[in-house]
Amino acid sequence: MRRTKGPVLIVYKMAATLNKGTGLDKNNKYDRQLRLWGDHGQAALESSRVCLINASATGTEILKNLVLPGIGSFTIVDSCKVKGEDVGINFFLTVDSIGKSRAQVATELLSELNEDVAGDFLEEDVDDLLEKNPSFFSTFTTVIATQLPEKTLLHLGKVLWERNIPLIVCRCYGFIGYLRMVIKEHTIVESHPDNTHEDLRLDRPFKGLHEFCDSLDLNSMNKKDHSHTPWLVLLYKYLDIWKNMNGGKIPSTYKEKTALKELIKEGVRRNAEGVPDDEENFEEAIRSVNSSLHATAVPAEIQALFEDPCCLNLNTDSKNFWVMVRALKEFTENEGQGLLPLRGSIPDMTSDSERYIQLQTVYRDQAEIDATAVAGHVHALLHNIGREEPLNPDRTKKPGTLSDSEIRTFCRNAAFLTVLRCRSLEEEYTTETANLEELGQHILEEEEDANSDSDDTVLYILLRAADRFFTEYNRYPSYFDDTLDADIPKLKACLSKLLHDWGLTAGVKDDYVHEICRYGASELHTVAAFMGGVAAQEVIKVVTGQFVPINNTFIYNAQKQTSTTIIL
Amino acid sequence: MAATLNGVLENNLAESIIKSRLLMVGAGGIGCELLKNLVLSGFSNIEVIDLDTIDVSNLNRQFLFRKEHVGKSKAQVAKESALKFKADANIVAHHESIFSPEFGLDFFKQFTLVLNALDNRAARNHVNRMCLAADIPLVESGTAGYLGQVTVIKKKLTECYECQPKPTQKTFPGCTIRNTPSEPVHCVVWAKHLFNQLFGEDDPDQDVSPDTEDPELAAEAGQAALSTEAKKDTIGGIERKSTRSWAMETGYDAEKLFNKLFRDDIKYLLSMENLWKKRRAPQPLDFQELPGKGEAMCTGVMRDQRVWSVQECADIFAQSLAALKQDLYSKGDGGTLVWDKDDHNGMDFVCSVANIRAHIFGITLKSKFDIKSIAGNIIPAIATTNAIIAGLIVMETLKILSGNISKCKQVYLNRIPNDRKRLLLPCALDPPNPKCYVCSEKHECTVMLNTQKVTVRVLQDKILKGHLNMIAPDVEIDDGKGTIILSSEEGETEENYDKVLSVFAVGQSSRLKCDDFLQNYSLTINIVHVEKLEEEKEFEVVGDISQFHPTETTTESPVEGHTNGASKSKATEEEDDLLIVEDQVTPDLVSTGRKRPAEDQQDALLIKRKKQESNTEDNEDVIEIS
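Residue numbers (UniProt numbering), protein chains in the order written: chain A, 1 to 568; chain B, 1 to 626.
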């Protein structure tokens with residue numbers, strides 16, 4: 001299996017093919033996770049090629065959490081041999097493997113976890129590889145780097161940044177966990193936002209909604225139909241009345257909305273004695289006034305994407321995402337009349353199923369019309385940049401083109417599109433471009449509030465100091481037990497220099513310096529296990545293109561069980 | 001091992017780790033991660049209890065298990081896998097139920113602390129009581145999708161698992177299930193009941209025939225009710241026989257069963273006119289004339305993802321019925337089948353039946369994938385969350401061992417960093433609830449019931465076991481004579497089971513002394529006699545704890561409580577009882593709303609959930625213990 005150079009892709013494909021057909025039913029095996037990211041998320045996961053640098057405990061824990069849910073393949077790059085101290089903390093290195101290639105042993109044991117994942121390794125020094133064959137990394141979907149010294153990390157960061165390959169840096173140092181996402185540009189269609197408004201368009205009703213609602217006459221309905229008319233229809237009708245009474249305006253203030261609610265309340269049927277009936281749909285309509293009458297508009301975040309140079313200057317190499325954003329912009333400016341394509345779903349509500357389904361169809365049909373219009377723009381744009389014939393008769397997907405289902409998914413999520421652009425490692429590590437304002441502020445807070453549970457940024461600064469120590473002495477502070485006392489002042493000096501370079505006047509408490517010295521750069525399994533979960537989750541977000549990854553640094557304080565994220 | 005600690009841990013802690021004896025309850029998703037973390041952190045005396053065997057759907061995260069282990073004991077295989085990597089660890093595996101009498105007080109007392117890695121509330125309640133009785137610390141945990149939490153329980157120092165009542169498990173009135181379903185879940189419950197009626201153990205609470213005692217009908221009174229009774233006899237006299245024996249007689253004939261269940265019974269329901277005055281009336285179906293007739297059956301990969309036509313449902317109903325019949329016959333006389341969400345035929349049966357019934361009642365049909373979620377109470381589960389939570393558990397364990405239990409935290413894992421950029425939310429542990437009927441000095445509660453209707457059996461099964469979480473209760477009346485009405489010894493009080501409480505002179509203000517020897521737990525119940533409780537409830541536990549009683553959550557209620565995801569939700573992946581389907585969206589360990597530290601109040605925005613669809617589309621926001 002040992003390779004130093006060569007056509008990586010071919011090896012993977014063979015391995016993947018060999019594994020086909022021997023597996024268990026994937027739907028059963030992956031059932032519990034398909035419910036989180038769906039079949040298409042799983043397909044993206046299964047086509048990913050992940051590279052891990054260093055089969056450290058942190059590294060194998062991350063990879064374990066990626067092999068289990070079924071990434072396509074992984075390659076471990078590591079030149080070390082298994083040592084006794086590795087075995088004690090790394091579940092994927094065994095005692096009898098001491099002296100063997102760490103990359104090889106970990107690859108073999110990790111491969112056992114899932115026969116549908118192809119595992120591969122390269123026993124080579126990362127510095128050499130970066131020097132001699134940097135294009136080696138070009139074939140990967142994502143690269144994970146663990147326990148790397150600063151110099152190597154920066155070199156790797158530069159190589160991957162140039163090639164637009166996402167890098168996830170993870171490190172465990174005593175009771176500290178550190179994660180850094182280095183992604184030039186990551187575009188997310190399915191961001192799975194937590195809180196969303198329904199897209200109902202009551203303020204801007206479309207033709208189908210007009211027609212459907214106008215075809216229903218509340219007054220002539222029998223009792224059962226009246227009390228089973230969907231609230232969406234009720235709200236439409238009473239809003240219409242309200243608008244007629246108020247010069248076409250829709251209610252926006254609290255007072256106006258209350259007036260509308262009163263109006264709806266009056267519509268509830270009464271029995272012979274004049275007592276209002278129990279009509280749940282009317283109650284739902286009243287409850288929905290506040291949440292459903294917000295003005296439909298293109299969100300500011302999406303407006304910003306429309307003005308992004310990537311959207312405005314399409315070319316042959318443009319990402320599909322940007323082609324679709326541009327199509328969306330054109331739709332909004334034309335057919336959409338200032339609005340995004342309709343999402344096409346409605347919430348559950350009291351209704352007879354017949355009219356509920358009709359209403360569902362009304363929304364779905366309009367969403368379909370909108371999506372078709374967007375698709376038209378997409379195809380025209382692809383044609384303009386020389387990527388597709390305008391009328392591709394079979395509509396089959398070719399490289400660089402887009403399928404109808406992709407365009408539909410995009411339209412459904414049009415209001416939630418997200419673009420993540422991380423800062424590069426170079427920016428972070430260059431004093432002129434470092435985010436010193438943020439660092440300074442956190443140090444200050446830390447100094448002011450000694451009991452602060454809330455700020456772990458100081459741990460980052462200490463890790464940087466330890467790195468500087470490494471640069472100077474070619475070992476981490478107190479890496480050997482007997483140097484603890486001697487290393488504390490040396491580390492303090494490194495820290496002072498670092499803060500001085502940054503122009504920060506605030507100090508870091510001695511306790512912290514002692515603590516980090518005591519860690520001796522050791523990796524604790526339980527911290528590695530925790531970070532393995534966190535980092536793998538971020539990798540899954542990146543390769544599935546779903547959910548928004550952390551931007552850009554995550555720090556875990558295992559002693560306090562606290563964590564923070566910060567942009568550095 | 002020394003290399004790993006390398007002076008990072010204080011010396012006395014390193015020593016405590018080596019000396020300590022741990023009990024890990026559960027070897028599933030969290031359990032696998034935890035066992036690995038423990039052995040690689042230097043723990044060497046660990047006992048593992050798990051009753052479960054390995055299923056294919058475990059393999060995406062329970063990494064100590066492989067394909068070849070499917071069907072084997074989780075505890076045993078977990079032990080063997082861990083020993084491969086750490087041969088000198090002393091791991092004892094018990095393929096046993098935690099409720100087994102062999103795990104009594106003496107068993108618990110030998111451990112330094114107990115780590116729960118469980119997936120159901122009953123077992124959590126039990127371990128909680130055992131740890132309180134043995135006075136040893138318990139680390140409790142759970143995950144669901146991207147969310148998770150860890151907490152520490154110690155007698156007299158922290159809240160116990162039962163200090164805050166959990167939202168009651170959602171149940172549906174029998175008449176909704178049998179007569180007037182209005183949501184897909186009602187049809188799924190009915191379909192599971194039908195499965196048990198046809199193949200499983202008999203349970204009188206799971207009748208699937210039309211319910212003539214529907215309170216809505218009672219309101220009808222007089223003439224109409226009489227005529228309903230009269231009609232009953234005209235429908236082939238089927239009702240008088242059990243569904244099972246009738247089905248057996250027909251040889252599980254698909255057409256006959258179909259036409260009885262979906263045509264004749266529905267026609268009978270239609271005769272209860274009062275039910276349909278304000279509702280859409282159901283439409284009976286005939287096996288030979290179904291919508292979608294003549295269309296090809298759906299096969300291939302998308303079979304489980306798309307919604308089947310009614311004709312397809314009927315075909316799949318017939319297919320699965322025949323297969324299940326074979327399974328049943330192969331069990332011999334008196335054999336029964338147990339429904340399992342991961343069994344192909346059982347799932348096909350429930351899915352097709354639920355959809356046919358949904359069609360009849362004009363309810364939205366669902367795909368098998370979605371119905372599996374509802375019926376199996378499936379909570380999404382992934383390796384990453386379990387890894388994170390297991391890491392946190394060990395950190396809390398280390399604090400306990402170093403004598404810093406007061407520094408322990410209750411830690412919540414958010415789906416994404418919250419507005420304050422925190423992925424983790426540590427909260428201080430709350431002190432015990434002085435009125436908790438489990439961990440306070442005085443164990444007392446009040447139960448409202450009708451003493452002339454509630455039997456000793458109901459007292460035992462539904463109140464003491466079902467609600468108050470006892471395992472093997474004994475009950476004596478505090479009447480000065482010590483009359484024993486219920487004994488956990490077999491054969492001692494069985495003749496009492498079907499007698500109502502008033503037979504034993506239990507009435508207003510009676511006090512019942514209930515005792516569970518296994519849990520070393522006793523509780524005094526004050527009886528309040530009431531004629532009738534709302535919503536057809538048989539009893540209601542009130543009194544001291546009631547002031548904390550949360551309102552029952554429903555599917556459309558805020559599921560998650562908070563955007564910070566410190567969610568509350570109960571994890572019952574393996575509990576197949578559909579009546580607790582609500583557990584997916586209700587608090588697991590403790591309700592967390594009040595646990596927010598002040599600084600995090602701003603995060604406490606309620607999330608509005610979509611109904612139903614959200615359960616399957618993005619129901620990652622719930623807590624499981626896997």
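Read the hints as simulated data drawn from the structure, not as lab findings. Bear in mind the structure is a predicted one, so any value in this text is a computation, not a measurement. One or more hints might be untrue.
For lysine to aspartate or glutamate, the following DMTMM-like pairs were computed, each having C-alpha atoms within a straight-line distance of at most 25 angstroms [unchecked claim]:
#1 Lys492/A <-> Asp327/B
#2 Lys277/B <-> Glu437/A
#3 Lys278/B <-> Asp485/A
#4 Lys67/B <-> Glu15/B
#5 Lys26/A <-> Glu10/B
#6 Lys166/B <-> Asp430/B
#7 Lys184/A <-> Glu46/A
#8 Lys166/B <-> Glu538/B
#9 Lys278/B <-> Glu279/A
#10 Lys453/B <-> Asp52/B
#11 Lys260/B <-> Asp327/B
#12 Lys490/A <-> Glu10/B
#13 Lys560/A <-> Glu515/A
#14 Lys72/B <-> Glu108/A
#15 Lys421/B <-> Glu437/A
#16 Lys260/B <-> Asp135/B
#17 Lys84/B <-> Asp125/A
#18 Lys84/B <-> Glu428/A
#19 Lys537/B <-> Asp419/B
#20 Lys267/B <-> Asp327/B
#21 Lys26/A <-> Asp343/B
#22 Lys421/B <-> Glu428/A
#23 Lys532/B <-> Glu213/B
#24 Lys560/A <-> Glu538/B
#25 Lys256/B <-> Asp327/B
#26 Lys184/A <-> Asp430/B
#27 Lys537/B <-> Asp278/A
#28 Lys256/B <-> Asp211/B
#29 Lys72/B <-> Glu115/A
#30 Lys72/B <-> Glu112/A
#31 Lys407/B <-> Glu10/B
Derived coverage of chain A by chain B (criterion: at least 3 residues anywhere in the stretch with Cβ under 8 angstroms from a Cβ of chain B; other residues may be distant) [what the hints assert, rightly or not]:
#32 89 to 96
#33 493 to 505
Built from N, CA and C at the ideal position, the CB exists for glycine as well.
Quick one, are Lys26/A and Glu10/B close enough, alpha carbons at most 25 angstroms? Cα-Cα ~46 angstroms, so violated.
Is the straight-line distance between the alpha-carbon of Lys277/B and that of Glu437/A 25 angstroms or less? violated (69 angstroms)
Against chain B, does the stretch 493 to 505 of chain A show at least 3 residues with beta-carbon separation below 8 angstroms? violated (count 0)
Proposed proximity, Glu108/A with Lys72/B (alpha carbon, max 25 angstroms): holds (24 angstroms)
Verify the proposed pairing of Lys490/A with Glu10/B, using a straight-line Cα cut of 25 angstroms. Distance ~23 angstroms between Lys490/A and Glu10/B Cα, so the pair holds.
Check the hint pairing Lys260/B with Asp135/B against an upper bound of 25 angstroms on the C-alpha distance. Cα-Cα ~57 angstroms, so violated.
Below or equal to 25 angstroms on CA atoms is what counts here, so check Lys260/B against Asp327/B. holds (23 angstroms)
With the threshold set at 25 angstroms, check whether the alpha-carbon distance from Lys184/A to Asp430/B stays at or below it. This hinted pair is violated, its Cα atoms lying about 44 angstroms apart.
Given the hint that Lys256/B pairs with Asp327/B, does the C-alpha gap stay at or below 25 angstroms? Distance ~20 angstroms between Lys256/B and Asp327/B Cα, so the pair holds.
For the pair we were handed, Lys256/B and Asp211/B, check the Cα-Cα distance against 25 angstroms. holds (21 angstroms)
With the threshold set at 25 angstroms, check whether the alpha-carbon distance from Lys26/A to Asp343/B stays at or below it. holds (15 angstroms)
Tell me if the straight-line CA distance from Lys267/B to Asp327/B falls inside 25 angstroms. Distance ~32 angstroms between Lys267/B and Asp327/B Cα, so the pair is violated.
Hint compliance for this structure: hints 1, 2, 3, 4, 5, 10, 16, 17, 18, 19, 20, 24, 26 and 33 are not met, and every other hint is.
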